[in-house]
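Colleague: Take a look at the letters that make up each chain.
Protein chains: 2
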Amino acid sequence: MVKKFEEKTVSTETIFEGKIISVQVDEVELPNGKLSKREIVRHPGAVALIALTDENKIVMVEQYRKPLERSLLEIPAGKLEPGEEPAATAERELEEETGYRAGKMEYISSFYTSPGFADEIIHLYLATGLEKVENPADGDEDEFVELFELTLEEALECIRNERIYDAKTVFAVQYLQLMEKI
Amino acid sequence: MVKKFEEKTVSTETIFEGKIISVQVDEVELPNGKLSKREIVRHPGAVALIALTDENKIVMVEQYRKPLERSLLEIPAGKLEPGEEPAATAERELEEETGYRAGKMEYISSFYTSPGFADEIIHLYLATGLEKVENPADGDEDEFVELFELTLEEALECIRNERIYDAKTVFAVQYLQLMEKI
Chain A
1 MVKKFEEKTV
11 STETIFEGKI
21 ISVQVDEVEL
31 PNGKLSKREI
41 VRHPGAVALI
51 ALTDENKIVM
61 VEQYRKPLER
71 SLLEIPAGKL
81 EPGEEPAATA
91 ERELEEETGY
101 RAGKMEYISS
111 FYTSPGFADE
121 IIHLYLATGL
131 EKVENPADGD
141 EDEFVELFEL
151 TLEEALECIR
161 NERIYDAKTV
171 FAVQYLQLME
181 KI
Chain B
1 MVKKFEEKTV
11 STETIFEGKI
21 ISVQVDEVEL
31 PNGKLSKREI
41 VRHPGAVALI
51 ALTDENKIVM
61 VEQYRKPLER
71 SLLEIPAGKL
81 EPGEEPAATA
91 ERELEEETGY
101 RAGKMEYISS
111 FYTSPGFADE
121 IIHLYLATGL
131 EKVENPADGD
141 EDEFVELFEL
151 TLEEALECIR
161 NERIYDAKTV
171 FAVQYLQLME
181 KI
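Protein chains in written order, with full-length UniProt numbering: chain A, 1 to 182; chain B, 1 to 182.
Derived by calculation from the structure, the hints in this document are not laboratory data.
All values reported here derive from a predicted model rather than from experimental measurement.
Backbone N, C-alpha and C fix where the C-beta goes; we use that ideal spot for every residue, glycine too.
Possibly wrong hints are sitting among the right ones.
In silico SDA-like cross-links for lysine to any residue, where the CA-CA straight-line distance does not exceed 25 Å [as the list claims (entries may be wrong)]:
(1) A/Lys4 to B/Glu146
(2) B/Lys66 to A/Arg42
(3) B/Lys104 to B/Leu126
(4) B/Lys79 to A/Leu30
Ranges of calculated distance between the beta carbons of each label pair, as one might list FRET restraints [stated by the list, open to error]:
(5) A/Val2 to B/Asp54: 27 to 35 Å
(6) A/Pro31 to B/Ile20: 17 to 25 Å
(7) B/Ala87 to A/Asn161: 17 to 25 Å
(8) A/Ala87 to B/Ala88: 42 to 50 Å
(9) B/Asn32 to A/Asn135: 18 to 26 Å
(10) B/Ala88 to A/Leu35: 25 to 33 Å
(11) A/Ala137 to B/Pro136: 49 to 57 Å
All chains, full assembly: derive it from the sequences and hints.
Modeller: So, in structure tokens, the structure goes:
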């Protein structure tokens, strides 16, 4: 792990511990010896799924995003539970959010979403060989989502009209374009 | 703007107002009439730049990311100042972070980075026709960055070895691959 320009922690103040995120302010010593402050959001991390049906449609969920005061069409995703392996989260979220189980689940890659102020990481999977589950496990009781299945062309149109508007989903659609998976 | 499954705000509690982010907890009324809470990080938004030299190299900056306790190689980026147009932020950050000015600056697209808990949006630009500025404007005094110029192959290798590891930069590299810009 590269630590160039490391900022040593002088002190940490916990500001908030919520259900999903926690917030802290670290006083740090900069490479030039001066002091500064860093505002940091801690997040448990998440998985996201490119789930392709046998008809090569991309499974998406529409849900309300309170920080933006609007709904977005996104690939299925969900937070890691404590101690849960990302691959297990991927299986669980696919069933809870979409009612599908995957015949094949492949890891694609991971990335930090906002490294300037948050430690959230998203692990991205490709789920294929989808089959509808008879009695799928329920998701979070405060989550309301509607399922959609889009062709690649439809997804590209949703990016153009900003119904798809988040980093993991535009990345996923671009990934499918580039890999010519569908 | 689609508002499907809208969550109406019942009350808002401000938790923290920092230099860069602020944090609030909203009590919301769900579509089924039940109440829930949403933890929300407010961020001013940012621009990021795919800056290509005349030799078709991608300009990147390495910097320490305190939330991750490591440094990352990223495309140049910076926060919007109050009232600043994204295109002006893009010009300013390019000069401050890289010492370049762009002959041509094209808007590519925008995306929310973490719509589940934050309102951060990144506006992505393509900067070409780069020329070194004689006495470039200084950036933030608490930012330490090192410049790199990478071929597309080198950037892909940096994704594989996780030195490039954030959403906007992996998106940018994939964009260049797909568009065959270089």
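Colleague: Looking back at the numbered hints, which does the structure fail to meet, lowest number first?
Modeller: none
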